[in-house]
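Novice: Grab the two chains, each in its own frame, and use the hints to assemble them into the complex.
In order, the protein sequence lines correspond to chains A and B.
Quick note: the first sequence, position 61, residue 61 per the UniProt record's numbering, numbers continuous.
Quick note: the second sequence, position 363, residue 363 per the UniProt record's numbering, numbers continuous.
Check each hint, because a few of them may be wrong.
Claimed, not checked - Examples of chain B residues toward chain A, derived with CB under 10 Å:
#, residue
1, Val193
2, Ile516
3, Ala520
4, Ser521
5, Leu528
6, Leu529
7, Tyr535
8, Leu536
9, Ile537
10, Leu539
11, Ser541
12, Thr546
13, Thr547
Bear in mind the hints are in silico, worked out from the structure with no lab data behind them.
None of these values were measured; they are calculated from a predicted model.
Ideal Cβ placement from N, Cα and C applies to all residues, glycine included.
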Amino acid sequence: MTVFHFFNCAILTFGPHAVYYSATPLSEYDTLGTCIKAALVYLGTALVKLVCLATFLKVSENESFDPYQELLKALIGFVDVAGLYFALTQLTHRNISQNHKFQAVGLGWAFADSVLHRLAPLWVGARGLEFTWDYILQGLEANANLVLSISLAALGSLMWLRKNKPKTLIPIIYLCAGIVATMPSITSYLRRGLGWHLPKVVGFELFTSLVMAFISWQLFAACQRPSA
Amino acid sequence: MELKGGGTVYRQCQVLESMYSMIALVFILVTCVELGDAAAVVDVYRLIQYDISGVPFGSRLATLNHPAASMHFSPAADLSRTVLMIPVRELNITFVREYIAQRRPLGGLLFFLPQMLNFAKIGSKTGSYQIYEMELLKTVLGELERLVIHANIPYPVYFAFEDDDINAVLADVKKNDATGQPTTATTGGYKLVVSAPEPKKVASPTIMNIQGWLSGLEADGDTNQLPTIAIVASYDTFGAAPALSVGSDSNGSGIVALLEIARLFSLLYSNPKTRGRYNLLFGLTSAGPYNYNGTHKWLRSFDQRLRESIDYAVCLNSIGAWDNKLWIHVSKPPENAYIKQIFEGFSNVAQELGFEVNLKHKKINISNPRVAWEHEQFSRLRVTAATLSELSVAPELLESTGGLSDNRPFVNDTAIIRSIKLVAESIARHIYGHQGKNIQIFADESSLAVNPSYVNAWLDILSRTPRVAPFLLKNDPLVMALKKELADHTDQVNVQHEVLDGMFTFYDSTKAKLNIYQVASVTFDLLLLLVLGSYLIVLFSFLAITTKGLDDLISLFRRPPSRKMKTA
Chain A
1 MTVFHFFNCA ILTFGPHAVY YSATPLSEYD TLGTCIKAAL VYLGTALVKL
51 VCLATFLKVS ENESFDPYQE LLKALIGFVD VAGLYFALTQ LTHRNISQNH
101 KFQAVGLGWA FADSVLHRLA PLWVGARGLE FTWDYILQGL EANANLVLSI
151 SLAALGSLMW LRKNKPKTLI PIIYLCAGIV ATMPSITSYL RRGLGWHLPK
201 VVGFELFTSL VMAFISWQLF AACQRPSA
Chain B
1 MELKGGGTVY RQCQVLESMY SMIALVFILV TCVELGDAAA VVDVYRLIQY
51 DISGVPFGSR LATLNHPAAS MHFSPAADLS RTVLMIPVRE LNITFVREYI
101 AQRRPLGGLL FFLPQMLNFA KIGSKTGSYQ IYEMELLKTV LGELERLVIH
151 ANIPYPVYFA FEDDDINAVL ADVKKNDATG QPTTATTGGY KLVVSAPEPK
201 KVASPTIMNI QGWLSGLEAD GDTNQLPTIA IVASYDTFGA APALSVGSDS
251 NGSGIVALLE IARLFSLLYS NPKTRGRYNL LFGLTSAGPY NYNGTHKWLR
301 SFDQRLRESI DYAVCLNSIG AWDNKLWIHV SKPPENAYIK QIFEGFSNVA
351 QELGFEVNLK HKKINISNPR VAWEHEQFSR LRVTAATLSE LSVAPELLES
401 TGGLSDNRPF VNDTAIIRSI KLVAESIARH IYGHQGKNIQ IFADESSLAV
451 NPSYVNAWLD ILSRTPRVAP FLLKNDPLVM ALKKELADHT DQVNVQHEVL
501 DGMFTFYDST KAKLNIYQVA SVTFDLLLLL VLGSYLIVLF SFLAITTKGL
551 DDLISLFRRP PSRKMKTA
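Chain B on its own, in the form it takes in the complex (with noise of 0.2 Å):
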């Protein structure tokens, strides 16, 4: 943040009251112009923007230059050249909602999100809010972001962090609102810019499934004749502002216990007596948000005796912010012998670690788009497969895929934990054939015990990296850490490059520089003239008497029409 744009100027004066020429004038000349001068510069984050089928969401327009104005507005004045500043702890949804279905015009929206969920200052402030306060963001996150997703919103919407100088800024446009002067250019108070270029349509954007395999131990020969179980998690995110949507939960949760569950199982498997019968097939898939594109193509690209080696699927969804029960989602009717025999191996290890598994069922509709769940994208291809999932039902499209909401302060490190020695004891006890015995396998204190600072350490990355799909790049270096990781673990791994196909177009400009300027309003200008026309004048009459005398200052005046009496 830049402070004080006037202080550089001033420093730039001084320079060139030192140098005294006029090539460091030349200089300043060139310096000046790339200095900004505002009184703040902040980072916003745009309003995700997109098209379904070519219907047109999310705010459509990045520039902004509009004055400031407040929740505290008057209720007369025209706000479609305003930008309105709107913390999110003060934000009356109502009054947004009422906005924007009525298609109201707005010079732009500017949403102050707190500190708190500034994923570059994890762990900073989070002590000082309650428990019922943060669940209160939460929920008004959570709307607030369902709103403006599901909106065609024509003017630019921008997310902010708050911060002192934000604070200061906010306090005083507060106050001009109080004193019931609309702000326009004619009095002063506070402009919003923001110059970014016309977002341009994302080409094709690409995904990336990153695979890695575990091989079990050959009896005679062929690898491929051993049954396969697959632990899956889609690592990409969704949100109203896609510069900040890191998914702590939904699935930073996922990708963090899939990735321990690796490195557990590696330990086992790299001693021979201990691997089991079965391959390990981890995927972390892209695209999760739009129906799990990634999954279906993932899926699609594996040869026939691969599928139908796969004993079953878990897919992890949400699974780090509950307190005691999960949810397996299957939409294979529960008396299948397969998903009971899954189901019982949760629910018995479940109740061993003292908590609750349910069962849910929902058929697949194959002539609906919409999937709803990883697990479906087998369940379309006959593969068994279950998702484990905090959530109860269903999310609808593009919800519950980590928003602005979903932070690193509403994780729970245990509930991920829990949730890996879940997963990782059913699958290691139908490895080892231990179904129904009670032996732990992965117990703490053991040399096979689930590890809290790695889960620790790589959930704090994920809270921290955006990992919205289209915006990702060619190699990033989060799809690199993570085929790293997941190499360190499984013995072969590989990353596929994907065309996102289907109805989704996205713009790009996520992030930009918002620059706050305190502008004097053109009244305190023409008043400055006033002042200072009056001041030389009155400095002319004092020079012009002093050194003239007072008759010459009045002769003057009267010069004129005395030179026109004489031509008449």
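Only chain A is shown next, with the shape it has when bound in the complex (with noise of 0.2 Å):
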């Protein structure tokens, strides 16, 4: 029964990763080794991350928040960005669109992170006695930490790949990417700062993950438009 369980949280948790990838054009042009190769920049990525944070960042034995550290923790959090640059510029990709690539990119970010970060915490938790919703939250979390990457993905490529943008939509495009990229510090804000319950912040989260996907995918259409 709890096995049953368990097996449901890890449909709500990477289900969507599958789905999106069956669904959308990614799998009739074979993308897979594009999402692994993300995949293996974001454990890279992650890595240095440690790196950095084990160097920098004092352990803190109360749970409160610490503005300096956070602003620390945030800066931190950039590493991702960069990883997403060398994922989306770097990586020899075979000859697929640039709509295609950041899709793929994104796509096995996501992933990569869901399964670093959840399905410890799952195997573990969710197969016990004990029924909280805390899994089931988590599931969702991990829906929106996918739309986030794919946004954030989507707001990379055309930072770097797309050269002939209109210049008007520049600002704003660098904006939504600064903000998608905060969002670890700005949940963790709420957590811990606002003192926010599991079920609002997942609310949050779900919430302008579909915001942010929103603006993204027209700004990405806005710059399609010259082109097309």
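Specialist: Here you go:
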């Protein structure tokens, strides 16, 4: 029965990634290699980030919100952006369109993130006897994260790969990318600085991820128009 | 108590998030496995498990893993895999008796005792209880204890103390039961888990008798020529839950009285002018509930001369909860000169102190192994002895031995102090030859007055220390403390280690941790699966339509049959 619950939570956490891959043209153009490469880059980035965190951050005993530490954490969080940049520009992808490239990178990125952060607690916790909503919420969080990762990859590809984009949109693109990149710090602030409970935080994440996805989509479409 | 295990896991997730690493992942894997994530973890105390001559009694199981139900369960429900949670204040004793007597199948029983009886938090909340309620509670507990001790129960039975978490869980369980659904795997609710090892026999339980000797002033040479007065109390207990059997009255009150009497006489005997011409022998004996087996062994270890030098022995048993009447139990007829002398000494002093002492004679049947009073062990060896007790009739085997209901709130300090005065004064008059004279040796406000704070302190300690003999350690802190206390007041102290013989066999695992899990039902998980499935299907359709168009999606479902058509 509890294995059943684990199974449910796993579906919620990892299912959307698979669905996204198979439902979109990604599967038709065989972009799995790109996804895997992006995931490997994520692993490398995570390692670099860990080293940075271990070097620059004090271990706080209490769970209080320390602005200086959080700022540092947010800065280190931008290592993610660098990793994404590497994945988007430096990797030699097979000849796939930009359109599919950023989706594949975002998907691989989000999947690696989910596996790293959510699989172990899920395996250990969701199979226990005690029922909590935590793992379902965590699954929803993974969904929001997927949307955010793809949005960030889309914005990244706009920033770094597309040369002829309307000048007026450039600051908006950068602003949005900044917001999406700082999302982990924002949720961390909400959780610890304001003491929000998990359901509220997850709701906020879902909402903002949808909003950001919509904005990125619009931006992408706007950049697409002149070339078309 | 560990609260909301979900919180710890959640915190674990946060740690993970901030570490962003695989190393953290491995670390979490290691730590999470150790962390229990139960809604509540409660200390529970198991019903005693023992055999009398191979006949099993008490609860025969320790492990528990069943859903919980309250007393409001639906009558049609099958309870063979259900734990009944019963707060003692709502206990329906006839129901439990019926269940146990008819040996109906149950997953387990869990009794909740009021917080008032929790000796770890003594004196915290007794004020809110009416005397009437306390008396009622005491009767109910006594009845319950008698019932479960003498029954052979094939499922685990545990006792725990009520607290806010428990009450919340209980309210929830009751609400579930009220809706008429039996708690099974399909409806969710709470699951109670105790993972305890299989109870093992306690191999050759040792009993320890503590003896203190206060020698009198010798007239010419040999001390052993002086007569001896023995003051004896058995110190161990027996009850439904060994880890809760603190026995404040039986026989905590007796121990306290004995220690205080030893202290008073040590004051008198420290000065050669007031040192009496009697030796005083103080004995704290073990195995009291088991026919005073410890007393028997202790007396057997004496040499003949010492035994013959004992003028009389006073045994103290349950003297902490009486109002105006005490009993002296003897096994020689009241016409006996020695008995007469002792009784007159006691009743004179009692009269002066303003209460009554009555004599009760009960013959010993040598062929009957049952020894109801401690003095009977003396009488069997032809030593004059009497038991001072508030009980008017001899208790049955394993009764009035300091069980569940015998707790600090039910014991009255002043009753113990009056008993101490009675015994000390009577013995002192006997020693100094003041029989019949109205002289108060241990008068209040004098340097020889009974010290109420000493009595109170010792009573508190004893009321917090379970002391069922087979479960005491070889060098148990309690025994060491009693030994040290006696050593402070007497000349010579020794502890005698003996093996408890006879028909009793005990089993361990008296304490355990109960995990209360809130579990989701299978129905909930099925529903969740349905919701998730439809969510993924909708997501798939949405993505496919937006990126490939509706026709593609439809063709996706049409393709296989068309292919079949081609091959055919």
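Novice: If a hint holds in the structure, say so; if it doesn't, say that too.
Specialist: Do the hints match the structure? See the list:
no., hint, in the structure
1, Val193, "7 Å, holds"
2, Ile516, "9 Å, holds"
3, Ala520, "4 Å, holds"
4, Ser521, "8 Å, holds"
5, Leu528, "5 Å, holds"
6, Leu529, "6 Å, holds"
7, Tyr535, "8 Å, holds"
8, Leu536, "5 Å, holds"
9, Ile537, "9 Å, holds"
10, Leu539, "5 Å, holds"
11, Ser541, "8 Å, holds"
12, Thr546, "9 Å, holds"
13, Thr547, "5 Å, holds"
Every hint, counting from the list given before, is met by this structure.
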